[in-house]
Every structure is written in C-alpha cells, then in structure tokens.
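Colleague: So the chains spell out like this:
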Amino acid sequence: EADIYQTPRYLVIGTGKKITLECSQTMGHDKMYWYQQDPGMELHLIHYSYGVNSTEKGDLSSESTVSRIRTEHFPLTLESARPSHTSQYLCASSPPGGSGYTFGSGTRLTVV
Amino acid sequence: TQLLEQSPQFLSIQEGENLTVYCNSSSVFSSLQWYRQEPGEGPVLLVTVVTGGEVKKLKRLTFQFGDARKDSSLHITAAQPGDTGLYLCADPDPLPFGNEKLTFGTGTRLTIIP
Chain P
14 EADIYQTPRY LVIGTGKKIT LECSQTMGHD KMYWYQQDPG MELHLIHYSY GVNSTEKGDL
74 SSESTVSRIR TEHFPLTLES ARPSHTSQYL CASSPPGGSG YTFGSGTRLT VV
Chain Z
799 TQLLEQSPQF LSIQEGENLT VYCNSSSVFS SLQWYRQEPG EGPVLLVTVV TGGEVKKLKR
859 LTFQFGDARK DSSLHITAAQ PGDTGLYLCA DPDPLPFGNE KLTFGTGTRL TIIP
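As you go down the protein sequences, you meet chains P and Z in turn. Under the numbering used here, the first residue of the first sequence is numbered 14, with each subsequent residue one higher. Under the numbering used here, the first residue of the second sequence is numbered 799, with each subsequent residue one higher.
Next up, chain P with everything else stripped away, as it sits in the complex (with noise of 0.2 Å):
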C-alpha cells in the first residue's frame, strides 16, 4: 500500500492552463521533495521543504512553484503550463536520519 499519494497519475492539458499537482503523505515526514523525470533521463530535484510553511528550489531550474501548508500536503503549481513542461512529475518524502526516499507513484504530464 502507498503511503505517498499523487493525483492526477496522467494529465493532458492545453498550453496556457493552470495546473496543481496534488502529493500527499500519511507518514508525517517533515522532508519532502519534487523530482522532475524526462523519459529514459535522469531524475532531477526541482523542490524541497523541510516542514511547514519552507520551501526550496532544487537544482533544476523549473518554472513550477510549491506550498507546505500543512506536513502532510505538498501540491505543485504551474501557473501557465507550456509543452516544455511535459514530463514525469515525482513527489517523495523522506525520515529524519536520512535512510531513503518514499517516491510517490508520479504525474506524467503532457501539455499540447
């Protein structure tokens, strides 16, 4: 059973739309994290939070932006999304101590 949740799973939208990528965690990790996943390529960080009302850019520049209103809701906006926006969207969380990510099981997005 998945601890980390992601709605939607596919999403087709039109250029110009807003969008929010919904991620939610039942385990109460104050670490969480959005990854950006082109196919066949690498994962890249784009954003983290460490706790309620933090959030951080990652490497990867991204013209996405992200909330932590609460420690189990992490939602991901774009505001106006372009074709250069497709790609796999992954949201994870992780313990203190630092032993491993819970991926959630990702949005793969596609902007026509």
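For the record, the hints were derived by calculation from the structure and aren't laboratory data. Some hints here could point you the wrong way.
[To be verified] Which chain P residues face chain Z? A few, computed with CB under 8 Å, are given here:
hint, residue
1, Asp-16
2, Lys-44
3, Leu-56
4, Leu-58
5, Tyr-63
6, Ser-112
7, Tyr-114
8, Phe-116
9, Gly-119
10, Thr-123
Cβ coordinates follow ideal geometry from the N, Cα and C atoms, glycine included.
Following the hints, put chain Z in place on chain P, whose structure we already have.
Modeller: Here is chain Z on its own, set in the frame of chain P:
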C-alpha cells in the same frame, strides 16, 4: 555534485540467468542507495550501503559497496520476470535544514525474458 555512471545501460537476459550491474563515481560516496523503478511508477528503495566493503542481501539480490566507497554493484541470482525494471543508484548529498538531495545515476534498464 558528482556524476554516477551505471553500466550496462540496457540488459536483456533469459529467466533463470544471473546478472550484475554497476554504479561508479570518480568521487567517494558517503553512502549509496539502490532503487528499482517500474514503468509508470516511482522508484522504490531497495537498500542503503554505508560502509566500504559492505555486502547486503535482499532475497536473490546482493549489493556490494566497494572498499574505497567509489563503486557499488548489484548482483541478481536466478533472475525472474518480476525483476524487470530500471535500477538506479543514488548518492545522498546534504541540503540545508537537514534535507538530503539524491543525485541519481544514469540507470540500468533490465528486461528479464520469460
């Protein structure tokens, strides 16, 4: 940020055969994590190795960390179709505030043919 090279990039073998995949870096790892990612899913953590020379076993999977902590290998015995997936090694780097960023390797895409 160090580069993690995994080899081979693709591997397709028959069910029942043994295989080994590798993860190498020019720098020393503080620790190393191995994940498996199935199509359409997120990566799932298999193991974390910390100590040089360490060997960990997970059923038919054997993970080894090099003595110098610059390389690691994953050996699968008697591969089964359920082992099919993308195998990723990942190096955790500290971030501010206690977070860790995972730098992922290039991956080995493994296909087990029934």
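Colleague: Are the hints correct? Go through all of them and say.
Modeller: Structure-based check of each hint:
Because the closest C-beta pair between Asp-16 of chain P and chain Z is about 12 Å apart, greater than 8 Å, the hint is violated. Using the Cβ-Cβ criterion of 8 Å, the hint placing Lys-44 of chain P at the interface with chain Z is satisfied: the shortest such distance is roughly 5 Å. Restraint check, Leu-56 of chain P versus chain Z: the minimum CB separation of about 5 Å is within 8 Å; hint holds. This hint holds: Leu-58 of chain P has a C-beta 5 Å from the nearest C-beta of chain Z, less than the 8 Å allowed.
Given the 8 Å rule on beta carbons, the hint for Tyr-63 of chain P holds: about 4 Å separates it from the nearest Cβ of chain Z. The closest approach between the C-beta of Ser-112 of chain P and any C-beta of chain Z is roughly 6 Å, which is under the 8 Å cut-off, so the hint is satisfied. Below 8 Å, beta-carbon pairs count as interface contacts, and Tyr-114 of chain P has one with chain Z at about 6 Å; its hint therefore holds. Given the 8 Å rule on beta carbons, the hint for Phe-116 of chain P holds: about 3 Å separates it from the nearest Cβ of chain Z.
Here the hint on Gly-119 of chain P is kept, as its CB sits about 5 Å from the closest CB of chain Z, short of 8 Å. Hint status for Thr-123 of chain P relative to chain Z: violated, with the closest Cβ pair at about 14 Å, above 8 Å.
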